[in-house]
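Letter by letter, the chains look like this.
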Amino acid sequence: MSEQGPEGTFEPRIVAFFCNWCTYTAADLAGISRMQYAPNVRVIRLMCSGRVDPQFVLAAFRDGADGVLIGGCHPGDCHYQEGNYNALRRFELLKRMLVGFGIEEERVRLEWISASEGDRVQKVCNEMTEQVRALGPLRLETVQSVDEGRVAPAPAGEPVGQVTA
Amino acid sequence: MSKPKVAFYWCASCGGCEEAVVDLNEVVLDVVEAVDIVFWPVAMDFKVSDVEALADGELAAAFINGAVRTSEQAEMAELLRRKAGAIVAFGACAWLGGIPGLANLYSRESILEFVYGGSPSVQNGDGGVPQELIDVPEGRMTLPHFDEDVRTLDEVIDVDYYLPGCPPPAGLIAQAVMALVEGRLPEKGLVLAPDVALCAECPRAVTKPEDLKVARFYRPYEIVADPETCLLAQGLVCLGPSTRSGCGAACIAANMPCTGCMGPTSRVIDHGAKALAAIASLIETREPGEIAALSEQIVDPVGTFYRYSVPASLLHRRVGTKGGTATEGAVAHPAPTSTTGGES
Amino acid sequence: MLEPESGLSSQPIPSNGGPKIGVYVCHCGLNIAGKVDVAAVVEFASTLPNVAVARDYKFMCSDPGQELIEKDLREGLINRVVVASCSPLMHEATFRRATAEGGQSPFYFQMASIREHVSWVTADGDDATAKAKALVAGAVRRVALHEYLEPRKAEVRSDVMVVGAGIAGIHAALTMADAGKHVYLVERESTIGGHMAKFDKTFPTLDCAACILTPKMSAVRSHPNITLWTYSDVMGVEGFTGDFTVRVRHRPRYVKEDLCTGCLECIERCIHKQGKFEDEWNEGLSKRKPIYIPFPQATPAVVVVDPETCIWFKTGKCPQTCIEACERDAFDFEQTETFDEVKVGALILSTGFKTFDASKMPEYGYGLYPNVYTSLEVERLLNAAGPTSGEVVLRDGSKPKVVGIIHCVGSRDAKHNLWCSKVCCMYSLKLAHMVKERTGAEVYNFYIDMRTPGKGYEEFYDKILKEGVHMVRGRVAGVTDEAASPEEEGHLVIRAEDTLIGSVRRIPVDMAILAVGLEPQPDHQDVRRLFNISCGGEGWFTERHPKLAPVSTFTDGVFLAGTCQGPKDIPDTVAQAGAAAAEVLAMVDRGFVMLEANTAHIDDEACSGCKTCVGLCPFSAISFDEERKKASVNEVVCKGCGVCVAACPSGAAQQHLFTDAEIFSEIEGVLAYV
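Protein chains in written order, with the numbering used here: chain U, 7 to 171; chain R, 62 to 405; chain Y, 67 to 740.
Worth flagging that the hints you see were computed from the coordinates, not collected in a lab.
Ideal Cβ placement from N, Cα and C applies to all residues, glycine included.
Incorrect hints may appear among the rest.
Computed footprint of chain U on chain R, listed as stretches where at least three residues anywhere in the stretch have a Cβ under 8 Å from a Cβ of chain U [to be verified]:
1. 82-96
2. 148-155
3. 365-375
Using 20 Å as the maximum straight-line C-alpha spacing, the simulated DMTMM-like pairs for lysine to aspartate or glutamate come out as follows [as the list claims (entries may be wrong)]:
4. R/108 <-> R/91
5. U/101 <-> R/361
6. U/101 <-> R/357
7. Y/696 <-> R/272
8. U/101 <-> R/351
9. R/274 <-> Y/407
10. Y/465 <-> Y/547
11. R/383 <-> U/133
12. U/101 <-> R/272
13. R/383 <-> U/88
Simulated coverage check for chain Y against chain U, where a stretch passes if three residues somewhere in it have a Cβ under 8 Å from a Cβ of chain U [stated by the list, open to error]:
14. 209-219
15. 602-614
Make a model of the complete structure from these sequences and hints.
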């Protein structure tokens with residue numbers, strides 16, 4: 007279902023929620039180390055992956071994202087002790103719920119990336135960009151307008167269908 | 062001074078909201094004393110032409126229940142909007158999409174195929190679905206267009222107030238009507254119910270522990286719930302914490318967990334997502350495998366968390382279920398060659 | 067579509083006549099401008115809602131850069147600031163300060179990272195410019211919703227704690243105590259001194275370790291401002307910057323510390339005539355009695371009774387000659403663990419290192435062949451107070467005639483530790499010198515590179531070379547006792563390629579010394595969790611910034627000193643300990659810290675009393691009022707993670723600076739335009 011633009015490739019837009027202490031710092035490290043990676047991931051900084059409200063994930067899709075990435079500290083290493091476990095608990099249910107809404111599992115991802123793993127940021131961003139590219143754009147159906155789907159009345163006298171009496 | 066004129070109308074609904082008005086019992090007498098009901102298809106013999114004959118804005122208010130999914134419902138909503146000073150979206154369906162809103166998880170195609178053919182309890186000869194336009198010797202017959210999409214009322218017309226509930230509790234209905242009559246309606250756009258979650262009025266709240274953690278989720282049929290203790294504490298998925306109060310915790314009184322019909326508070330954009338966040342945060346274990354297993358115990362997350370609010374949710378409908386193989390307009394089916402069962 | 071009534075995500079919260087945003091795009095020299103079309107970003111920014119001013123500048127963080135912001139604020143052109151430049155982890159504080167200088171709340175500021183997250187990581191210039199625009203749009207949409215917040219302060223207590231009393235901890239404690247602060251110095255072992263107390267001489271000056279260390283140990287003991295707790299551990303840390311409550315456990319010595327004079331008579335008169343149990347202090351090279359003192363200058367000079375080996379504890383039947391011997395009646399076999407809870411303003415962690423376990427490299431024969439030693443074991447041999455009174459002898463008591471010292475054991479090794487342990491080349495040269503001096507043996511050093519970077523270090527290497535120590539440049543393949551020729555019989559053979567001459571050599575030795583590298587302590591994960599700091603991938607505690615903040619951590623109020631932060635020698639350790647002490651003194655003397663603004667709070671009216679949040683807070687910052695059925699957050703204890711906010715089912719809990727509305731608008735912003 008991939009959209010062929012003029013150059014033939016669809017550029018996915020992925021919104022990422024990175025926790026300040028680990029993943030955001032790792033992304034900074036990737037930058038300091040000049041690791042090049044796909045430009046498709048737009049990072050939103052939160053203090054903890056436990057702050058990620060499922061509403062944010064849905065809002066990202068609604069606003070046009072083709073994928074959502076959540077980054078947090080490895081289990082046991084959360085700067086706030088347990089925030090990342092909460093992210094994980096919500097994520098499991100959220101994933102299944104998204105599948106119920108017809109959104110493929112691969113469009114939403116939770117990754118544990120520690121502050122020293124700049125290379126993982128590079129790897130995950132590249133990987134996810136390609137994965138979502140293969141899935142194609144997420145076509146969320148917009149609300150139907152009032153006139154859409156209305157049958158235009160046929161000119162009088164022209165039969166549309168016949169019913170035998 | 063003449064009594065304010067009001068209208069009641071039903072769109073894609075079950076009739077429960079009409080019954081709720083009747084369920085006012087003696088209070089309904091006060092209501093009919095205070096207002097002049099000039100249109101109520103289920104209970105009174107007024108016609109659409111009577112509504113069309115009214116001046117614009119002549120109705121003080123129109124209470125419209127049900128979601129919108131046919132062209133007729135959309136037209137009636139628009140008509141009533143012109144004729145009414147205030148539109149009250151009455152009930153969960155009108156506000157959030159309600160139970161009919163679950164149809165947004167399926168394509169129009171598949172719904173028609175199932176209802177008119179695929180269902181095990183249907184015998185439909187060679188098949189055949191309702192046609193929007195058909196010419197018969199007697200003339201031309203039309204049916205309203207069955208939309209692709211279930212919409213909330215405010216996606217079709219401008220809505221002034223929302224009365225939540227499936228159906229709205231009698232007390233809230235009476236309050237709303239009397240507020241209208243006495244000119245005490247609050248600022249436009251508000252939901253006419255307390256803006257605080259059900260736990261605030263639930264009698265079992267005291268039994269809910271401060272550090273509630275769930276080790277297992279149960280479906281209502283799996284256990285016999287203790288009638289005194291918080292249902293969430295017993296592992297039942299109760300949406301009380303994420304759902305507005307104002308219903309007197311009626312379902313809890315019947316020993317059943319809240320399913321969310323009173324909708325979210327004003328501070329929440331997507332009811333299902335917030336309800337999910339809260340329930341998931343109660344899971345006790347930290348082990349990924351165990352978390353996944355517990356999540357599986359909630360068998361149908363969409364149905365559980367968005368029972369009444371699929372159309373109002375941020376995603377609005379299931380991806381890939383709009384359009385199907387049909388082009389805009391009528392479903393192209395071959396005309397039936399025989400009429401088993403007959404048209405009604 | 068459900069439209070939230072309070073206008074979340076759609077209307078800005080007007081504060082002072084509505085938001086007027088200034089957007090400043092930094093070139094950062096060529097770091098950003100070399101990849102991102104800065105002019106295009108400025109142009110784009112000026113089209114965004116509520117943007118009153120959009121400028122660019124070469125270095126926004128410089129004085130003139132900050133002045134641009136302050137001027138626009140002072141002149142009333144703007145009341146919100148967005149800077150698109152480097153990472154907020156770098157300069158958020160800088161620009162918040164500039165915003166405050168301009169007369170506005172520092173929290174009416176948002177940063178977009180277009181350097182670390184864009185220009186430095188994106189190959190194509192157009193892609194980078196587009197991404198920069200998206201991130202700027204996110205920041206602009208978000209800042210319009212920022213609420214008025216005032217910076218808050220918390221007082222800092224003046225008492226401080228140092229955990230770990232090796233040379234780092236000792237130096238830090240003395241520095242702060244001399245400045246008049248009360249210091250709690252906590253040490254896990256029964257004596258202070260750490261690894262340095264085990265050494266004989268230190269490089270490059272060949273100073274006697276004890277001679278330079280014991281005066282400091284003694285100063286610690288007698289300093290009026292230092293409370294020394296040895297044989298003690300930290301059990302828990304609660305509270306927050308400036309006001310930590312630390313629970314310390316004191317393990318029982320079964321001797322009253324204030325009565326014991328360290329005469330050691332009890333050890334003499336123990337019913338064990340000789341030592342029978344492994345002496346940990348001497349690296350297992352000798353035996354001790356159940357009652358012991360690690361070394362004669364141990365501080366405090368108080369004996370310890372080991373309940374695992376003492377007959378009284380094992381069987382209850384012992385004449386307890388030790389009690390008899392004690393003139394001060396200092397014994398108390400009923401002693402139990404005791405606890406202390408103290409409140410301190412700051413903590414320094416100086417928990418040191420452990421050496422690499424050489425038995426992980428069986429090819430070097432440690433534990434297999436009796437005369438393969440680790441460097442630390444040889445330090446004990448060399449030490450006059452050690453098991454052999456300073457004689458370097460083999461297990462059978464004879465003097466070695468040929469000694470091989472193998473560098474980089476466990477270090478610079480893909481199979482073990484990747485890092486260089488920094489001190490081993492120098493100490494291996496030192497051991498070469500000392501072994502040669504004590505035994506007259508031929509000494510061979512097998513090295514990969516010779517790392518001698520400090521003051522006097524290269525000169526020391528030179529001196530050792532002149533002493534006739536043989537240098538073989540090649541990584542040792544193995545140590546074996548299998549002779550391949552008559553000359554090798556009865557010796558250990560070290561096999562290595564001598565890369566300088568280009569051939570493999572087999573060198574028979576009597577003794578092999580393994581220069582084991584430095585590693586983090588085995589309980590580093592537990593310790594770092596206790597203090598809420600992080601570890602790097604290898605296990606060293608993470609400093610706030612490797613260059614500019616090497617002694618502080620991301621947890622305000624917790625500092626690092628010494629090898630727990632990474633391998634280093636004694637001069638660097640002492641320097642770092644002084645630095646940590648200075649930063650603690652700065653904090654304590656200033657008397658306050660600025661609190662993070664991003665705490666959570668619960669709207670009292672909106673709270674339904676559902677209690678979902680209460681159990682979620684790991685810092686117990688949320689309390690529940692049973693009578694009113696409302697939850698509330700203690701904003702001084704709250705650390706600002708936002709877990710309760712995401713979980714609150716009715717949106718009653720919100721997080722300052724990370725409200726739902728702000729985040730929704732940022733999401734919209736990064737997607738709506740580009």
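The hints, checked one at a time:
1. 82-96: Our answer is that it is violated, as 0 residues pass the Cβ test (under 8 Å) against chain U, missing three.
2. 148-155: Per the Cβ count (0), the hint is violated.
3. 365-375: holds (count 3)
4. R/108 <-> R/91: 25 Å, violated
5. U/101 <-> R/361: 12 Å, holds
6. U/101 <-> R/357: The hint holds at about 11 Å.
7. Y/696 <-> R/272: The given pair, whose Cα atoms are some 15 Å apart, holds under the 20 Å limit.
8. U/101 <-> R/351: Holds, at roughly 15 Å.
9. R/274 <-> Y/407: Violated: residue 274 of chain R and residue 407 of chain Y sit about 31 Å apart, past 20 Å.
10. Y/465 <-> Y/547: It holds: about 18 Å lies between the C-alpha atoms, which stays within 20 Å.
11. R/383 <-> U/133: Violated - the C-alpha atoms of residue 133 of chain U and residue 383 of chain R are around 30 Å apart, more than 20 Å.
12. U/101 <-> R/272: Measuring from Cα to Cα gives roughly 26 Å; hence the hint is violated.
13. R/383 <-> U/88: Answer violated: residue 383 of chain R to residue 88 of chain U is near 41 Å, above 20 Å.
14. 209-219: Answer violated; 0 residues pass the 8 Å Cβ test.
15. 602-614: Since three or more residues must qualify, the claim that chain U covers the region 602-614 of chain Y holds, with 3 doing so at under 8 Å.
The structure fails hints 1, 2, 4, 9, 11, 12, 13 and 14 (numbered hints given earlier, in ascending order).
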